[in-house]
Amino acid sequence: MYAKSLLFTTALLPAVAMAGHAEEGWPEPVKEYYTGQVLFDRLELTRTDEEENVAVWDMMAWYGGDYHRFVFKSEGENIQDDGEPTDLERAELLYGYLMSPFWSFQAGVGTRGSLSSNASMENYAVVSFMGLAPYWFEMDNSLMVNEEGDVQFVSETEYEWQLTQTSYLQPRIEFTANLTDSDKYERQSGLSNLRVGLRYRHEISREFAPYIGVYWNGALGNTADEMKRMGEDTTETGVVLGARVWF
Amino acid sequence: MNNEFNKGRRKFIKSAFTVASALAIAKVAPTWATPQGRKFKDQVLTKDEIDLTIAKSPLLVGNKVGTPITINGQMPGPLIRLKEGQRAKLNVTNRLSEDTSIHWHGIILPENMDGVPGVSFEGIKPGRTFKYRYDVEQNGTYWYHSHSGLQEQLGHLGPLIIDPKDGDIGADREHTIILSDWTFEDPNEVFRNLKVAEGYYNYQKRTIFETFEDVRQHGLEKTWKQREMWGQMRMSPRDIADVTGSTYTYLMNGRDSAMNWSALFKPGEKVRLRIINGSAMSYFDVRIPGLEMTVVAADGQPVKPVSIDEFRIGVAETYDVIVQPKHNKAYTIFAESFDRSGYVRGTLTPEIGLEAEVPELRAVPERGMAAMGMGAMAMSGNKEEKGMMNMSGTDGHMNHEMMHKKELPVENIKIEHSEGGHGAAAAMIAMNPTSRLHEPGIGLDNVDHRVLVYSDLIGAQEWPDKREPERQIELHLTGNMERYMWSFDGKNYTEVDGPVQFRHGERLRLVMVNDTMMDHPIHLHGMWMELENGQYPRPRKHTISLKPSEKVSLLISADAPGSWAFHCHLLYHMKAGMFRVVNVA
Numbered sequence: 001m002y003a004k005s006l007l008f009t010t011a012l013l014p015a016v017a018m019a020g021h022a023e024e025g026w027p028e029p030v031k032e033y034y035t036g037q038v039l040f041d042r043l044e045l046t047r048t049d050e051e052e053n054v055a056v057w058d059m060m061a062w063y064g065g066d067y068h069r070f071v072f073k074s075e076g077e078n079i080q081d082d083g084e085p086t087d088l089e090r091a092e093l094l095y096g097y098l099m100s101p102f103w104s105f106q107a108g109v110g111t112r113g114s115l116s117s118n119a120s121m122e123n124y125a126v127v128s129f130m131g132l133a134p135y136w137f138e139m140d141n142s143l144m145v146n147e148e149g150d151v152q153f154v155s156e157t158e159y160e161w162q163l164t165q166t167s168y169l170q171p172r173i174e175f176t177a178n179l180t181d182s183d184k185y186e187r188q189s190g191l192s193n194l195r196v197g198l199r200y201r202h203e204i205s206r207e208f209a210p211y212i213g214v215y216w217n218g219a220l221g222n223t224a225d226e227m228k229r230m231g232e233d234t235t236e237t238g239v240v241l242g243a244r245v246w247f
Numbered sequence: 001m002n003n004e005f006n007k008g009r010r011k012f013i014k015s016a017f018t019v020a021s022a023l024a025i026a027k028v029a030p031t032w033a034t035p036q037g038r039k040f041k042d043q044v045l046t047k048d049e050i051d052l053t054i055a056k057s058p059l060l061v062g063n064k065v066g067t068p069i070t071i072n073g074q075m076p077g078p079l080i081r082l083k084e085g086q087r088a089k090l091n092v093t094n095r096l097s098e099d100t101s102i103h104w105h106g107i108i109l110p111e112n113m114d115g116v117p118g119v120s121f122e123g124i125k126p127g128r129t130f131k132y133r134y135d136v137e138q139n140g141t142y143w144y145h146s147h148s149g150l151q152e153q154l155g156h157l158g159p160l161i162i163d164p165k166d167g168d169i170g171a172d173r174e175h176t177i178i179l180s181d182w183t184f185e186d187p188n189e190v191f192r193n194l195k196v197a198e199g200y201y202n203y204q205k206r207t208i209f210e211t212f213e214d215v216r217q218h219g220l221e222k223t224w225k226q227r228e229m230w231g232q233m234r235m236s237p238r239d240i241a242d243v244t245g246s247t248y249t250y251l252m253n254g255r256d257s258a259m260n261w262s263a264l265f266k267p268g269e270k271v272r273l274r275i276i277n278g279s280a281m282s283y284f285d286v287r288i289p290g291l292e293m294t295v296v297a298a299d300g301q302p303v304k305p306v307s308i309d310e311f312r313i314g315v316a317e318t319y320d321v322i323v324q325p326k327h328n329k330a331y332t333i334f335a336e337s338f339d340r341s342g343y344v345r346g347t348l349t350p351e352i353g354l355e356a357e358v359p360e361l362r363a364v365p366e367r368g369m370a371a372m373g374m375g376a377m378a379m380s381g382n383k384e385e386k387g388m389m390n391m392s393g394t395d396g397h398m399n400h401e402m403m404h405k406k407e408l409p410v411e412n413i414k415i416e417h418s419e420g421g422h423g424a425a426a427a428m429i430a431m432n433p434t435s436r437l438h439e440p441g442i443g444l445d446n447v448d449h450r451v452l453v454y455s456d457l458i459g460a461q462e463w464p465d466k467r468e469p470e471r472q473i474e475l476h477l478t479g480n481m482e483r484y485m486w487s488f489d490g491k492n493y494t495e496v497d498g499p500v501q502f503r504h505g506e507r508l509r510l511v512m513v514n515d516t517m518m519d520h521p522i523h524l525h526g527m528w529m530e531l532e533n534g535q536y537p538r539p540r541k542h543t544i545s546l547k548p549s550e551k552v553s554l555l556i557s558a559d560a561p562g563s564w565a566f567h568c569h570l571l572y573h574m575k576a577g578m579f580r581v582v583n584v585a
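Chain order of the listed sequences is A and B. In terms of the UniProt record's numbering, the first sequence opens at residue 1 and continues consecutively. In terms of the UniProt record's numbering, the second sequence opens at residue 1 and continues consecutively.
Worth flagging that the hints you see were computed from the coordinates, not collected in a lab. Note that the structure is predicted; figures quoted are calculated from it, not measured. Incorrect hints may appear among the rest.
Stated by the list, open to error - Using 25 Å as the maximum straight-line C-alpha spacing, the simulated SDA-like pairs for lysine to any residue come out as follows: (1) B:K491 / A:M130; (2) B:K491 / A:Y67; (3) B:K225 / A:P134; (4) B:K491 / B:N432; (5) B:K205 / A:P134; (6) B:K491 / A:G65; (7) B:K491 / A:E23; (8) B:K491 / B:R471; (9) B:K125 / A:E23; (10) B:K205 / B:M229; (11) A:K31 / B:Y200; (12) B:K205 / A:R206; (13) B:K491 / A:Y63; (14) B:K205 / A:H202; (15) B:K131 / A:E28; (16) B:K131 / A:E23; (17) B:K491 / A:E32; (18) B:K225 / A:P171; (19) B:K205 / A:E138; (20) B:K39 / B:P350; (21) A:K31 / B:N188; (22) B:K205 / A:Q162; (23) B:K491 / A:F129; (24) B:K131 / A:W26; (25) B:K222 / A:L163; (26) B:K329 / B:E310.
Unchecked claim - Derived list of chain A stretches under chain B, where covered just means 3 residues or more per stretch with a C-beta under 8 Å from a C-beta of chain B: (27) 25-34; (28) 97-105; (29) 134-147; (30) 154-167.
Every residue, glycine too, gets a C-beta built ideally from N, C-alpha and C.
Bound conformation, chain A alone (with noise of 0.2 Å):
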């Protein structure tokens, strides 16, 4: 044991000192580099077709070097006036590493759940893939298995067109689908909602860029036919007002 924490030691040390030939107390010509960057993608107010106005966000924070990083996503979305707790849609925690040029591998654990005392959270595991697709689709898969063992599956994707230099479109597409039935958080196995929304962006700094848009969110499969069974609407319809910003 003793060995070979010591074989490790002398083969690691003679790499480090040799990479600049830097003499004692010398600094490194290049150091590693750390940053980080939180950035709502989605910071917004909804006007659903119901006439209620409904606050949302979804951001991501980062902290790390090129391969290794941590990362907090997080989600959710207050109903105005309508006295009822946020609904956290997720809170997540990952050890992010970027696999191939395009592409990072995400595994952490999140929750969600309503923001109210009384309520009890759903803690989670979830797997990403982040990245860039061919033909610039950015997105972001995760699965998520809960302490129940119920499995979830959330794509997101998001496309730019450039209409000038600082004005795009973006569509936008998100599904869900579980892969179980589970009977505590009232799912339905089978693909379950799918929301649509276009958004104008116009960018005032690259910083902070406000937009208008639309959305479209509907129920599916099993999920559908148990929301018609209660007598809900499985459609929703909205526009936003919001702003993408980063610091």
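Using the hints, position chain B against chain A.
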């Protein structure tokens, strides 16, 4: 009465302002960049020992006050004029709050005088003075700059001219022009923007309306074919410069276009222009409309005269050209950023105050198939023909055409590539890298005048080491724009185990392959690189620019024992890790 008072006051304020701005201008204008320039047989007024003080001080840059790093109070720093054969004695005092350094770019000197913190010495601590001492065994146009962090972006640079032993500059008069790029942003912020937001400074992307227009003109199928490859590779053909005129003010001897740096000549005089690209990130295309330029030196080293109308100067390169204006009128010296996002102009004039027409910026160029390493396929296309059209005319270009039929050594070197061979650090590999030394470069391949190409360059004399190479080293230039990763062989500096080993005394062939979509100026410290461009004597370079998907070969005599930096001279690429240490032992 009151009115009168106000008028007087306004007048006072106005004159105070004028004085202040005049002072500011006097301060920003490097004293060496005078309109008179230097005449042949002027006495060289250099002190035996030169003191340089590095400090941060507010200066007028263009029309705004910035806080550059100044050298003896000016930005760019003083012109240092040395004489071949002398011993250089340069004392550099650091008045910054952080470490600094000066690297003498292109100078052959002992390793501990090369000025790269962490490679040749420990750097210069705040408040300390470092005494550089070396024998000057060459002459020509060079420059110096900081090798610490991103200080170069703040203007920590200046020209270094070495007179030949006989003092003959080969012209009646000479002017030195150092081009640079200035930003009022914090350079660390610039780097972070590049790291976190791909395309941050690119305001020349292709829009959907341009796509519609292409469909209308060429049909859907052809447009799709053109777009398809770029889409698959997730790259933009308009990705030419990482940092652009959207943040940069381009400077000529520290002045912007409005300040119009001017240089005098007498009609009929032969004027030698020593042009240095001291930019952090910007390639320039330089021309003087109405004047033919004769290139007489590249990277400080003499070449056989080549007559041209325009040349591209990569970051850190230098070119000496001779012009002979015959008319009693002003000429614009036009340096256009190669992505066409901006320019800086100066004026060559028989009397101060004149100026000439300033050309329009040309259209934003797009990268073609050759950039993707499909050069061989593009060869039959019209692009190549246009390239050849430029070549007809002067003797130099006749030579070139003959040369082109001769095979370059690099054309026989097979580049082995495996798919994904450089890992996540390389967003592409050049499918079929080719020699592109005869191409003028993006945006210049269909201009209607003569543009310098690397294959035009012929060394003015034979170099001492005439041996054939004994060994070959291959390095690939790699990158991933999405995360702004830049490296050699897919590994940035912090990931490599050790230096690149040269054996002392050996003759080497360095083969470089550009597996990226960008141009990179690659600089080797301490030793010359002879460019195998099919000419003999070969031109010697300290910095060689590689076009996308290009392969080049260079001969190196490993005659300088010690550790030397080897890196991409785009400042933020170096910062990202496109850097190696070469150890000669």
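Legend entry - Pairwise hint evaluation, A:L163 against B:K222, where the allowed Cα distance is 25 Å at most: Given that 25 Å is the threshold and the Cα spacing comes to 21 Å, the pair holds.
Legend entry - Holds or violated: B:K39 to B:P350, with C-alpha atoms at most 25 Å apart: Status holds; Cα separation ~15 Å.
Legend entry - Pair hint outcome, B:K225 versus A:P134 [Cα-Cα no greater than 25 Å]: holds, 15 Å
Inset, instruction - For the pair supplied as a hint, B:K205 and A:P134, confirm whether the alpha-carbon distance does not exceed 25 Å. - result: This hinted pair holds, its Cα atoms lying about 18 Å apart.
Inset, instruction - Assess, step by step, whether the Cα of B:K491 is no farther than 25 Å from the Cα of B:N432, and give holds or violated. - result: holds, 21 Å
Legend entry - Agreement of B:K491 and A:Y63 with the hint, judged by alpha carbon distance not exceeding 25 Å: Holds, at about 21 Å.
Legend entry - Satisfaction of hint between A:M130 and B:K491, Cα-Cα up to 25 Å: Holds, because 23 Å separates the two Cα atoms, which is no more than 25 Å.
Legend entry - Stated coverage of the segment 134-147 of chain A by chain B [criterion: 3+ residues, CB within 8 Å]: holds (count 3)
Legend entry - Hinted pair B:K131 and A:W26, Cα distance within 25 Å: OK: B:K131 and A:W26 at ~18 Å, within 25 Å.
Inset, instruction - Decide if the proposed pair is consistent with the structure: B:K491 and B:R471, CA atoms, cutoff 25 Å inclusive. - result: holds, 23 Å
Legend entry - Straight-line alpha-carbon gap B:K205 to B:M229, limit 25 Å: holds, 16 Å
Inset, instruction - Below or equal to 25 Å on CA atoms is what counts here, so check A:K31 against B:N188. - result: Roughly 13 Å between the alpha carbons, so the hint for A:K31 and B:N188 holds.
Violated hints: none; the structure is consistent with every hint.
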